[in-house]
Structures are given as structure tokens and as C-alpha cells.
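Q: Here is how the chains run, residue by residue.
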Amino acid sequence: MMAKEKRSNTIIGKYMPYYYAGASLDFNLIHIDQEYAKANGLPGIILQGMCTMALTAKHLIDNGNPAQLRSIKVRFLNPVLPEDELIFDSIANGPDVSVVVKNKNGGRVLKGKATLK
Amino acid sequence: MLGDNIIGRKYESDYEVSYEKVKEYVRVLDDQNPHYTDREFVKSLDGGHPYAPPTFAAIYCQPAMNHLYFDPEFSKLVPRLVHGEQEYHFHEPVRAGDKIHTIAVIDNNYTKTNQAGKVHRIFEIRTTSSNQDGQTVCTGLYTLVIRGE
Chain Z
21 MMAKEKRSNT IIGKYMPYYY AGASLDFNLI HIDQEYAKAN GLPGIILQGM CTMALTAKHL
81 IDNGNPAQLR SIKVRFLNPV LPEDELIFDS IANGPDVSVV VKNKNGGRVL KGKATLK
Chain V
4 MLGDNIIGRK YESDYEVSYE KVKEYVRVLD DQNPHYTDRE FVKSLDGGHP YAPPTFAAIY
64 CQPAMNHLYF DPEFSKLVPR LVHGEQEYHF HEPVRAGDKI HTIAVIDNNY TKTNQAGKVH
124 RIFEIRTTSS NQDGQTVCTG LYTLVIRGE
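Residue numbers (this note's numbering), protein chains in the order written: chain Z, 21 to 137; chain V, 4 to 152.
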């Protein structure tokens, strides 16, 4: 069986952590307060991992029926900052998909596996 | 220090999925999938209500997770908390109008030393979400990392 490869890009908007906080009710201050984030050892406010995961699922479902996504498991490797550009790469072998998200400004931010049926 | 006594601690919540909330969520993601936003399209497809994206699980689980984050003992760790891993299994689709009950259980707690010698504490939280018909719609595993000083 031929492996199917897919790539897409997303630019993280400057205010996305705030918008995602509002939509998700994840108001952890590391996502919305620069000074608090820095005082806790981060480079600044970071995007919610769940938001990067949601964007990964969007890449996988790709306007199709969402019920086809049966499982997803991801590891968050590095923080994503506002205005970063993310590159989503996935390879499907039948229902099994592996996915990697890279940051144009650096290394990998997420790797994971999913099942689509 | 917060220890093994926390294993098995349980947090529950109810969440009603609304079409407006789903639209708000996908707008943030710039996701234009008509399964989420086009009522007429979905009605003509299978007669049902619009779908919630699978990762909307993060939203309907969040009230239960917030009970954990505001747990008087656990809340002290939250400033150094980062999300390490996340796993979801989707058993049934979730749609606008569904009423989702979620149980989050602290399942595991251990330490891990990274290459720099920092000791991180890891908490694994298992979530089980079911709908108004008693069907399990989603099971999740949240791996939360409390970064070492």
C-alpha cells in the first residue's frame, strides 16, 4: 500500500492564545500574562498545547467528516509562541497516521499518531 | 508534598454542547469544515445536528479539569504545569445539543529526571466522557508535567 503524505501550514496569530483561552476556558496565566509566563521560566506567553493539537486534528480531518478521526495521541515537544509559523506533516498508511509539527523558527513542537477510518 | 494520597481523586462535570460555542471554537482555529458550521449541510447529510470537532473534547472536559486545577492541593503546582502529552479515543461523534458528563481521575503520579538533571513530576489524568444516552463518547489521557525548579 502506498503511504499518503500531506503538508499544511498555519501562522499562529499574535492574539491566538487569548482567543483560544476565551473559547476553551483555559485561562492558565502562562497563556495570557507575559510577566507571569517569564517569571515561571518561559520565554513569554505560550500557545495552549490543546490548540496546537486542535490544529493538528484540523490538518488530519481536512474538511472531511470528523467522525473518521478515531484516536489521536500527541506529545508536546516545545512551546509554540504567538506569530510562529507551524508546518504540519502527516503520513498515512491505511488508517494509521503519524504526524509531526515543526516550527519554522526552530525544531519540532509536536509529534503524534492518529487513527482515521 | 502532594503525594500518592492524590491518586484516585475524582472530578466530575456536566457540559451541554451548543452550536454557537462550536462555531466560536472553530472560528479561533480558522476551521471552515461545514460539518461544524453548516446546519443545512449536516441536515441534508444525515438529518442530525452539526458536529463538534473531535478535539472539542478539550472543551467539554475542561470544567472537570478546572476542578483539578483549583483543587486546594493541586493548585499550588499549576504555575509550573505544562501539558506533556495528550491522548483521546473517540467512540461516538459529539453534536450540538449533546449533554456530556465527564469524570476525570488522577491515575498516576511519578517523577522523571531530564538531561539537565531537573526532576519533573508527572501526573496522568484519565477522562471518561459520556452523552445523554449513556454512551461513552470519548476517553482521554492527560499527561501533565510539573517542571522542576
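Quick caveat, the hints were computed from the structure, so don't treat them as lab data.
Watch out, some of these pointers could steer you wrong.
[Said to hold, decoys possible] List time: in silico BS3-like cross-link candidates among lysine-lysine, alpha-carbon distance up to 30 Å:
(1) K122/Z x K115/V
(2) K124/Z x K26/Z
(3) K131/Z x K26/V
(4) K24/Z x K93/Z
(5) K58/Z x K26/Z
(6) K102/V x K24/V
(7) K93/Z x K26/V
(8) K122/Z x K13/V
(9) K34/Z x K131/Z
(10) K137/Z x K26/Z
(11) K131/Z x K115/V
(12) K124/Z x K102/V
(13) K34/Z x K13/V
(14) K102/V x K58/Z
(15) K102/V x K34/Z
(16) K121/V x K26/Z
(17) K93/Z x K34/Z
(18) K24/V x K131/Z
(19) K58/Z x K24/Z
(20) K124/Z x K13/V
(21) K79/V x K137/Z
(22) K26/Z x K26/V
(23) K24/Z x K24/V
(24) K102/V x K122/Z
Just so we're clear, the structure is a prediction, and the values are computed from it rather than from any experiment.
Q: Tell me if the straight-line CA distance from K102/V to K58/Z falls inside 30 Å.
A: Given that 30 Å is the threshold and the Cα spacing comes to 39 Å, the pair is violated.
Q: CA of K24/Z to CA of K93/Z, is that 30 Å or under?
A: holds (19 Å)
Q: Holds or violated: K93/Z and K26/V, Cα atoms, limit 30 Å.
A: Answer holds: K93/Z to K26/V is near 24 Å, not above 30 Å.
Q: For the pair supplied as a hint, K58/Z and K26/Z, is the alpha-carbon distance within the 30 Å limit?
A: Since the Cα atoms of K58/Z and K26/Z sit roughly 36 Å apart, the hinted pair is violated (cutoff 30 Å).
Q: Is the straight-line distance between the alpha-carbon of K131/Z and that of K115/V 30 Å or less?
A: holds (20 Å)
Q: Is K124/Z within 30 Å of K102/V, Cα to Cα?
A: violated (40 Å)
Q: Within 30 Å, alpha carbon to alpha carbon, are K24/V and K131/Z?
A: Distance ~28 Å between K24/V and K131/Z Cα, so the pair holds.
Q: Taking only the CA atoms, is the gap from K93/Z to K34/Z under or equal to 30 Å?
A: holds (27 Å)
Q: Given the hinted pair K34/Z and K131/Z, is their alpha-carbon gap at most 30 Å?
A: holds (23 Å)
Q: Does the structure keep K34/Z and K13/V at a Cα separation of 30 Å or less?
A: violated (36 Å)
Q: Given the hinted pair K102/V and K122/Z, is their alpha-carbon gap at most 30 Å?
A: This hinted pair is violated, its Cα atoms lying about 36 Å apart.
Q: Given the proposed pairing of K122/Z with K13/V, does the C-alpha separation stay at or below 30 Å?
A: violated (35 Å)
Hints 5, 8, 12, 13, 14, 15, 16, 19, 20, 21, 23 and 24 from the earlier list are contradicted by this structure; the remaining hints agree with it.
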